[in-house]
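Student: Generate coordinates for the entire structure from the input sequences, incorporating the hints supplied.
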Amino acid sequence: MDFSVLTDQFASLTFDGIALGFIYVLIALGYTMVYGVLRLINFANSEVFMLGSFATILVATKLFNHTIESDPLTGFKLVYTMTAMLVGAMIVSGVASVVIEIVAYRRLRSRTSNRLTSLISAIGVSIVLAEAVRMATSSAPMGSPRLLDKTTLATVWGADIRVDTLLVIVFAIILLIVLDLFVNKSRLGMGIRAVSMDYDTSRLMGINLNKIISTTFLIGGLGTGAASFFYITVYEMTRFSIGFELGLAAFTAAVLGGIGNIRGAFAGGIALGLIEMYASAVLGTQWRSITAFVILILVLLFKPNGIFGESLQQARV
Amino acid sequence: MSFNLRDAGATLWANSNKWQRYLIAGVIIVGAFALPLLEGTFLNTPRTPFVSVLFYPIGVYVLMALGLNVVVGKSGLLDLGYVAFYAVGAYTAGILSMHTKLNTWEILPVGIALAMLSGFVLGAAVLRLRGDYLAIVTLGFGEIIRITALNSSAVGGANGISNIPNPPTTFGFAFDLESDRNYYWVVLILIIITILIIRGLSARRPGRAWESIRQDEDVAELMGVNTYKYKLWAFVFGASVGGAAGVLFASKAMFIAPNIFNYNISILILAFVVFGGMGNIWGVVFGAVLLSYIPERIRFISEARMLIFGLVLIIMMNLRPDGLLPRKKREKIGIAGGEIK
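In order, the protein sequence lines correspond to chains A and B.
Using numbering that gives the first Met the number 0, read the first sequence as starting at 0 and increasing by one per residue.
Using numbering that gives the first Met the number 0, read the second sequence as starting at 0 and increasing by one per residue.
Not everything, but these chain B residues come out facing chain A in the computed CB check (under 7 Å): (1) G75; (2) L77; (3) I143; (4) I266; (5) I313; (6) M316.
Read the hints as simulated data drawn from the structure, not as lab findings.
All residues carry an ideal CB built from backbone N, CA and C; glycine is no exception.
Tutor: Here is the structure:
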């Protein structure tokens, strides 16, 4: 226990925590939106993140032939390459998410209402994807070339405001605003809200359920893909087990904010990012990975509806 | 109706009188004890001695699958952190043999008791949650146990505990590096005891309560079943079996480390239960034997083990959610009726 670290580096921990939090928020979308619509934990979303992170690196190394030793880019070339990486990650994750829905959930949804069945099938998909990548990469981590020079823009209260973390925060905010507008203003978004409010009634009202569900998975996947790009930009490394490590933390974020609730995911993600950073500063980084689990258990025990809580009682019915 | 091995077996059993039943049970038990004789036949495993494979993975995994079956198959509670109880059992064996002079048979009850205690504590806290939350919290619990062991120097950290003593020679049966057969017989005895207990419980009040909870928890609650109590029962019973498996494993392997007890083991055991037939003892035994034996027998499968188990989960859930040997038809009609919306 070393609390002096916390006070000494409070500002920089907070800044890093917020950046990590935004990554969690984007992954949490994949859990929270699907849960809202289907009342099902989308276990495979962690693997969607893992695939996105590999896609990000592969776009840079295979499409643009950068290597780990490549020099950082500047100007137009930088914007162009980074955009390609972001789009590549989002496409791969979005497509993966939709395909997973069709392969693992759709058949079961029409055949049975047994939740255990869909849940086990989802776990199966997650295992298959992680193992396939483990075998393809021989369990080796994959590093990303540093294309964005991580210069420090300013120092605020002793915290270095770096380009990459700032980029994460700014772009995540933009994406979340777009998403919020989409869900609250567009026709498809209204469909999503209707289905999450009442599945059976919205079917009776003539809503094309499969289309709405696919859209939900697509949006969740796109968000998760963007998160994987941001993660790679900041941490520059991925491996087959990254989904297990980050995905479950993101799920915790969704539960913390109140699952099924997009603004809740936002609050939960930021809160979890900050808590993890503070906790690992005080307890040591080796305990960081269980911080999320401990928080998850505490939240479910004492405030199962989360901060912004959509009622679990409601979710049960 | 296609031929159903489960029903054929059940019919045979139902139509037998008392002595015929003893005979059937006797043949199965003697057959199981005689399995080490098959060493050297085409069943032989290429890399590890056949009899040692009978103990681990097969015997230990069958035992754990039986324990998890009570939780997942009978009561419908998805536990993704079952490995935690296995770890508690194994670490009990490791720590007690480090600090005391107790032998394996004296440690076994302690390991079972501690596993039950951890099952009780976890269950008491989380069993008020519904299905999918339970799954993720148990998963988290498994990871918490593993990472705590990894970061605690008192239990060896990442290096784990080595030099755990083998069990002492008992009734003339030696337990050393050459006596794989005796280890197998011990785990077989535990498996038989577990099966007898599960059969006993299934026919009585706890079994009926578990069945009703699995089919519809709300209705069970309305009918006056104390669902929380019986869910906790199922959890604690499952934990005790996992703990026993852990103690046995540690005393045979003589070495344990945190990373042996990872999430994959929980998934493995779940795949056995799902593959064989959730809720049906013989289905689970069959599933666990088949799925833990094949990767040992066929070399190239062993690398892709987890991939195949993941596929097993998806394929079984989509095509045959009741498993290869499904539970009795009578019950299935009940489920189908409950599912019509």
